[in-house]
Amino acid sequence: MDLKTKALLKSIWVFHVSAGSCNNCDIEILDCFTPKFDLERFGIQLIGSVRHADALFITGAMNKKAIPRMKKIYEQAAKPCVVVAIGTCACSQHMFRYSYNVGEPLDKILPVDVYIPGCPPKPEAMIAGIKKLVDKIKRGK
Amino acid sequence: MLRDKIKEKLSDKILAWYETSVKRIYFSVDKKHITETVKILFCDLGLRFITASATDLPSSFEVIYHFSNDPQGEIYSVRVLLEDKLKPEIDSIANLFPGAEWIEREIWEMLGINFKGHPNLKKLLLADDWPEGKYPLRNKQ
Amino acid sequence: MSHKIIVPIGPYHPLQEEPEFFQLYVDGEKVVDIDIIIGYNHRGIEKLSESKHFDQIPFLVERICGICSSSHPYAYVLAVENILGGEQSIVPERALYIRTIIDELQRIHSHLLWLGLTGHFIGYNTIWMWAWKYREPVLDCFEMVTGNRNNYAMFKVGGIRRDVLDEDIPILKKTLDELLKALDLFRGAIADDPVIKSRLKNVGTLTKQQAIDWCVVGPTARASGINIDVRRDEPYGVTDRLDWNVILEKEGDIYCKTMVRILELYESVRIIRQCLDKMTKGPIDADVKDIPPGEGIGRVEAPRGECFHYIKSDGTNRPIRHKIRSPSYMNVASDKVGAVGGTISDATLTLAAVDPCYCCTERVVVINSLDNKKIMNGWDLIKLSQEKTLKIKEHYDGRPK
Amino acid sequence: MIAIFNFLIFPGFLFACIVGLFACWIDRKISARLQWRVGPPWYQTFIDIVKLTGKEVIVPNGAKVTFLLAPYLGLISIVLVANNLGRAILSPLSSFSGDLIVIIYLLIIPALALIVGASASRNPLASVGASREMKLILAYELPFLLAIIAVIIRNKGALGIGSILINQAFTVSNIFSPSGIISFFIMLFCVQAKLGIAPFDISECDQELMGGTLIEYSGLPLAIYKLTKATMLYTLPIFLIILFLGKDLSFLFISIKYLSILLVIILIKNTNPRLRIDQAMRFFWRIPTVLGIIAIALALFGL
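As they're listed, the protein sequences go chains C, B, R and U. Everything in the first sequence is counted per the numbering used here, starting at 41 for the first residue and increasing by one. Everything in the second sequence is counted per the numbering used here, starting at 7 for the first residue and increasing by one. Everything in the third sequence is counted per the numbering used here, starting at 82 for the first residue and increasing by one. Everything in the fourth sequence is counted per the numbering used here, starting at 52 for the first residue and increasing by one.
Think of the hints as simulated: they come from the structure by calculation, not from any bench. Just so you know, even glycine gets a beta-carbon here, dropped at the ideal spot from N, CA and C. Some hints could be false.
[Unchecked claim] Under 10 Å between C-beta atoms, here's a sample of chain R residues computed to sit facing chain B:
1. E127
2. I164
3. I171
4. P173
5. E174
6. K282
7. N283
8. V311
9. P316
10. E376
11. Y391
12. K404
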């Protein structure tokens with residue numbers, strides 16, 4: 041656990057990727073940065089470019105058209121990069137599993153570190169998920 | 007009332023006319039007169055085009071153009087039956103008003119009904135590698 | 082002809098939460114043309130709903146769009162009740178009141194959300210934080226009444242699933258009073274701030290004739306002077322028994338769209354307060370058993386405009402066809418007119434001013450077949466734009482400017 | 052030897068970075084408090100820099116060497132300015148006469164470094180960000196120079212910082228003269244634009260251009276850019292203090308003046324939205340330029 045990973049845990053920069061989501065989870069992610077659940081006290085920031093990202097918040101039931109672009113996003117994020125599946129759609133594709141336009145679930149495409157179920161997951165659930173992520177890295181993933 | 011104006015303007019073209027409730031009026035028109043009917047409804051009488059819905063019936067394809075008469079809150083639905091199931095096609099109304107362009111492209115993509123004269127009939131929302139000739143909303147493929 | 086470059090916005094862009102891909106053909110800072118490529122959110126909901134029972138579909142239809150997650154189920158329920166002979170005759174009195182309350186509360190939370198995001202887009206994060214701070218009590222009310230902040234699962238064919246308890250009503254009223262104070266704050270901030278006005282005035286304007294041609298709906302149409310509102314034209318729930326008025330503006334630029342939405346918030350608060358006073362005791366569900374064969378159309382005034390559902394049933398407990406047309410479907414198409422001519426920073430603002438809800442639109446729209454290559458990585462972007470610029474050169478030389 | 056120590060440790064690199072990062076934290080904390088948010092802990096900006104150094108550096112293929120060198124160019128020039136200003140405050144007599152001109156040139160280099168880095172990263176969004184940065188430089192350079200000329204004339208043609216400080220030490224600080232107030236007002240807006248803070252953060256706004264000029268940077272070069280921005284947040288207010296409030300510069304008075312200028316910048320940042328690039332240019336060429344000419348005229352009459 042050298043200084044750099046310890047620093048990573050204290051300042052996670054988040055990039056939000058939506059692959060066919062109903063924008064409920066996306067709004068809840070933005071809700072986490074508003075006054076009531078301010079994530080900036082943990083140093084977590086929402087940033088604009090993939091290159092600066094440390095964590096990818098992925099939402100949505102994997103739409104066939106969105107999958108190739110999502111893979112490209114994952115390649116471009118500077119490693120070490122964490123993947124967080126937000127919402128039941130990202131975890132298990134929810135009720136859209138048998139649709140003709142939905143590919144395989146997220147964990148078959150990208151290595152997922154944290155699953156946060158809920159439709160939409162409450163901001164408190166997301167903060168708990170991030171806390172578990174930090175503990176997981178501390179235990180030395 | 008608007009009903010009488012429509013009946014008098016389209017008297018020869020209307021095949022059937024029935025009202026399921028006070029605010030819902032369905033009347034069917036032959037395939038050939040569709041552009042004329044839409045021009046009268048949209049340009050002359052000033053009805054607002056809501057959308058067009060196409061269904062894959064056992065005997066034929068059925069395309070319904072829904073128009074809304076906002077002041078009275080009525081909906082006029084123009085029904086067109088396309089008997090030829092192998093090569094269904096109909097004149098496009100996209101050059102009358104640009105609003106219909108996207109709606110016709112969706113129907114073309116989902117059910118394979120060809121719209122003659124459509125400015126840019128391209129694939130709409132399906133993934134890039136969606137096989138040609140395979141239409142998701144058709145019942146038996 | 083100066084060198085035209087392509088500025089791709091999206092599909093993964095911090096400006097919008099949903100992915101959509103706007104290719105702006107840009108000459109320096111001026112936007113010359115715009116290509117709207119979406120389809121990243123399409124989940125084939127119409128096909129799925131043909132495989133579900135009539136009482137399962139509200140849950141599916143609710144997840145079309147997170148922000149208008151009470152308009153789609155309401156429109157679907159109205160469509161099915163249209164087959165059964167109209168909402169007023171089937172649904173009990175109290176259920177009508179609760180339906181209108183939920184619909185208007187959801188309009189408040191959606192407009193506040195959009196107000197915050199507009200502040201965020203023009204780089205004024207204080208408005209974003211303040212708007213969303215005042216939106217949290219509304220979400221708490223939803224959680225108190227329906228159990229979930231979004232996706233309320235309240236609507237059912239023939240009535241409502243959960244009743245509003247009596248001890249909740251004073252809390253609702255207190256939240257609405259605090260909200261009114263916040264709304265005066267926002268109206269003051271937006272109307273009087275010269276800098277915001279300079280960023281919003283006559284930007285991305287949509288004239289009345291263009292609005293009619295593109296058949297836009299909702300606040301986008303009302304901002305351009307088209308007097309349409311489904312709550313008044315074809316009343317559903319109890320909207321015809323209460324007194325409220327429709328907000329209209331004339332110029333159709335982003336400033337008018339903002340003012341229409343802010344003033345609509347006042348109307349929604351008025352409607353809810355009247356509903357809470359006039360609500361009578363009684364049953365909340367008419368437990369409809371079977372749906373006769375037939376066709377039904379239901380439409381509702383969603384925060385972004387008219388939300389239209391068409392159901393065709395053949396007597397079994399599954400619909401043959403379920404056509405959904407969401408309000409953003411029309412409004413997003415009209416971006417082409419609003420954005421072209423402005424600068425890049427205005428274009429992004431215009432695209433967001435329509436309050437696009439791409440997952441509604443995502444049920445549908447557009448791919449640009451000029452290229453199918455991926456776009457996000459730096460080198461691809463350059464190759465793509467050079468290739469596109471060459472194609473644009475011939476295309477533009479041919480067409481009269 | 053002393054010069055190296057000065058450059059590296061005291062008024063130079065280390066001191067400027069630490070105070071700059073602390074100023075950045077104050078900025079983020081006060082902005083958060085204005086939005087009813089709690090805001091980051093005090094060590095947040097330091098941790099960000101350390102984390103960024105640990106990240107992988109991605110260079111888009113085809114990007115030239117300048118992509119990696121540009122950030123260091125900006126950092127070195129701003130540290131030079133911090134060093135000169137720091138030494139001038141400590142011993143006004145030791146500064147040579149023309150160093151005000153040197154500082155004006157050095158203050159432009161960080162912005163140029165940003166442009167060089169952005170255009171080297173071969174990304175269309177970054178090139179749009181770079182062109183906006185160039186336009187912004189054109190906009191604020193003119194009023195910036197007019198304000199400085201007004202100060203020079205007021206101090207009877209003193210071109211060195213030391214001599215300006217000495218002048219102010221005997222007479223009253225520059226700000227209390229009419230031309231001083233006007234040029235201070237202009238300099239405030241130019242500093243706001245030079246730092247790229249809210250009303251003028253047009254080039255690296257993340258809403259429209261996904262990070263604008265810094266879109267392709269990651270890891271160490273990005274850390275250097277953030278460090279440059281932090282050091283500028285330290286040096287520019289100090290520059291304003293020297294030019295306008297240079298009366299008595301004991302340690303306590305400097306920090307009070309520095310914090311007050313910082314507070315004014317943060318308030319401007321949080322109270323108005325981002326301007327469009329053409330609006331920003333029109334703004335700079337209208338009000339500040341006219342005021343600058345008036346300030347020079349007043350200074351000529353010896354006010």
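Violations among the numbered hints, reported as their numbers in ascending order: 3, 4, 5, 6 and 7
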